[in-house]
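Please arrange chain V on chain P, whose structure you already have, making use of the hints.
Chains as they are written, first to last, in numbering that gives the first Met the number 0: chain P, 0 to 121; chain V, 0 to 437.
Honestly, the hints are just simulated from the structure, not real lab data. Just so you know, not all the hints are guaranteed correct.
[Claimed, not checked] DSS-like mimics (lysine-lysine), calculated; alpha carbons at most 30 Å apart, straight line: (1) P:K100 - P:K78; (2) V:K436 - P:K68; (3) V:K269 - P:K68; (4) V:K270 - V:K436; (5) V:K342 - V:K269; (6) V:K138 - P:K82; (7) V:K434 - P:K82; (8) P:K68 - V:K138.
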Amino acid sequence: MEIFTSGKLSKVKNRHAPEVSKQTGFPSPATHYAEPSIDLHKELITNRDATFFVRIDGDELSHHNILHKDVLLIDRSLKPRPKDLVLVVQDGVFKVIEFPKNPLDTECVLWGMISYIIHYAR
Amino acid sequence: MCSLGNDQLYYSLRTMIALVDCNSFYATCEQVFRPDLWGTPVVVLSNNDGCVIAANKEAKDLSEIPMFEPVFKIKKQLIKNNVTFFSSNYTLYGEMSQRVMNILDAFSPQVEIYSIDEAFVEISGIKHFSLNTYGHQMKDTIYQYTGLPVGVGIAPTKVLAKLANKISKKRAHENNNVFVIDSEKKRIEALRWADVKTIWGIGSKHAKRLKNIGVFTAYEFTQLPEEWVRKNMTVVGVRIWKELQGESCIEFKTMPKPKQGIGTAKSFGKKLEDLGMIQEACSYYISEVSEVLRNQKSCATYLQVFLHTNYFSDRDKQYSNSITVTLSIPTCDTFTLISEAKKALDAIYKPGYRYKKVGVCLSGIIPREYVQGNLFIPPPRWNKSKLLDTFDAINRKYGKSTVFSGLVGTRVKEWELIKEDRSPRYTTQWRELLKVKS
Chain P
0 MEIFTSGKLS KVKNRHAPEV SKQTGFPSPA THYAEPSIDL HKELITNRDA
50 TFFVRIDGDE LSHHNILHKD VLLIDRSLKP RPKDLVLVVQ DGVFKVIEFP
100 KNPLDTECVL WGMISYIIHY AR
Chain V
0 MCSLGNDQLY YSLRTMIALV DCNSFYATCE QVFRPDLWGT PVVVLSNNDG
50 CVIAANKEAK DLSEIPMFEP VFKIKKQLIK NNVTFFSSNY TLYGEMSQRV
100 MNILDAFSPQ VEIYSIDEAF VEISGIKHFS LNTYGHQMKD TIYQYTGLPV
150 GVGIAPTKVL AKLANKISKK RAHENNNVFV IDSEKKRIEA LRWADVKTIW
200 GIGSKHAKRL KNIGVFTAYE FTQLPEEWVR KNMTVVGVRI WKELQGESCI
250 EFKTMPKPKQ GIGTAKSFGK KLEDLGMIQE ACSYYISEVS EVLRNQKSCA
300 TYLQVFLHTN YFSDRDKQYS NSITVTLSIP TCDTFTLISE AKKALDAIYK
350 PGYRYKKVGV CLSGIIPREY VQGNLFIPPP RWNKSKLLDT FDAINRKYGK
400 STVFSGLVGT RVKEWELIKE DRSPRYTTQW RELLKVKS
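Chain P with its partners taken away, still in its complex shape (with noise of 0.2 Å):
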């Protein structure tokens, strides 16, 4: 099996709180700025019904800014636009097209819109 290495999370450590003194010094200033921390997931997915990952194996796209083992968001809820970078069916195979300004002309199923690309950049 290949192993990939790109874009595996290693586990963050559970940070615990630590505690602060009830009765003495003064209140962190930062209390009331309080805001979770950054979470990807909810940045980049906007509709996670229609998400779906999937991961790129060759280097035939790097014209589009796409390489080899990187991994793409599909929302399947997006339309898309002419020149959107789009995942269609051709002939039973999955091939990732930019969008055409006419799309009756062509002779794919479309299967989602490309919303991110997710590289490696080491």
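Structure of chain V alone, referenced to chain P:
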């Protein structure tokens, strides 16, 4: 009978119920990620690759392929007909099902999940557009978001919604997989069309009895006197009888019903003789089912353990046995259940046989607040059971079987059946994502 005008008003004021169900759910889940198989026959095999449990339309159209037959008997026919077969991938089906149910949630605040691939959706207060349009919206949204085709039946009662759903599929090109019963005329037409044995809740026994007295269609059934139905088919039959006439009497349950029994039994990857290994498999299954039990905050009263050899093998000596233990106090404690199961297994195990399968089933399931103690044992205090909470919390966080009972052992790989034809878990495993070649 009311005039058409009143009739339409009557239907438009009612709460309606939609039954949405996925067409050949398991097979289409596989096809969504395999466009090379679109339009070709696909079947899915049972948990231990024993028999065909699901087939898509293309496979059903091949009359040669019998459902629920052991696979080894029909493998040749499958291959000859170019049928693609998959081991069941419940992780994938469960996740896809969740997507469908979430989408339905957006259509109505009242959704009753009836099974992995069907749900009742309550529709009320729809005035601005037709129910037919609404049904099509549900169908089209689910298809766009997930790639799964569904059928929608809309009617004033659950039994009629089931029937409408059936009609939507039977005349697929005419109705486009959506059918609405929203007038007396349509209701009667539907009842006249339906064979009484296909009605939801009418079993084959009752269907036979009805046939004997000359009742063949659902319409003829509704013409029987209520007294006859009550006498011969109990109050359950009366409910169906009333529902078919448009009177809603099966309540809407939005909460999943507690299960009557939870069990698991899978064939071993190879035949086992050694009690130790069988014991480990048995403990493993107990761990799985007791976790389900804790998730739904309930306890089991009875524990059944069964063990058998391979029925289909002519060479092996055959033996099978099963034992049911009444637990002294209903419990969901993995450790108690494992030790009880161990005792039970000791009692039915006989050396000298090559075993194919061990299984466990928990039943007599009650909410854990209802557990009573007895004279000798005080009732358990669940809020104090830190061990099990921690146990579950660790396994939720770091993955299944991070911590486990020692009796489960570490030889899972040796007895577990490797599912050779299982598709990748596309939607839940980072390493098994759908691959697109470029």
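Hints, one by one, checked against the model:
1. Distance restraint check for P:K100 and P:K78: the Cα-Cα separation of roughly 13 Å lies within the 30 Å cut-off, and the hinted pair is therefore satisfied.
2. Restraint check for V:K436 and P:K68: the C-alpha separation of about 10 Å stays at or below 30 Å, so the hint holds.
3. At most 30 Å may separate the alpha-carbon atoms for a hinted pair to count; V:K269 and P:K68 exceed this at roughly 37 Å.
4. In summary, the hint linking V:K270 to V:K436 is not supported, as the alpha carbons are separated by about 40 Å, beyond the 30 Å threshold.
5. Pair hint V:K342 plus V:K269 holds up; C-alpha atoms about 24 Å apart against a cutoff of 30 Å.
6. Distance restraint check for V:K138 and P:K82: the Cα-Cα separation of roughly 28 Å lies within the 30 Å cut-off, and the hinted pair is therefore satisfied.
7. The straight-line distance between the Cα atoms of V:K434 and P:K82 is roughly 23 Å, inside the 30 Å bound, and the hint therefore holds.
8. Distance restraint check for P:K68 and V:K138: the Cα-Cα separation of roughly 34 Å exceeds the 30 Å cut-off, and the hinted pair is therefore not satisfied.
Checked against the numbered hints above, the structure violates hints 3, 4, 8; every other hint is satisfied.
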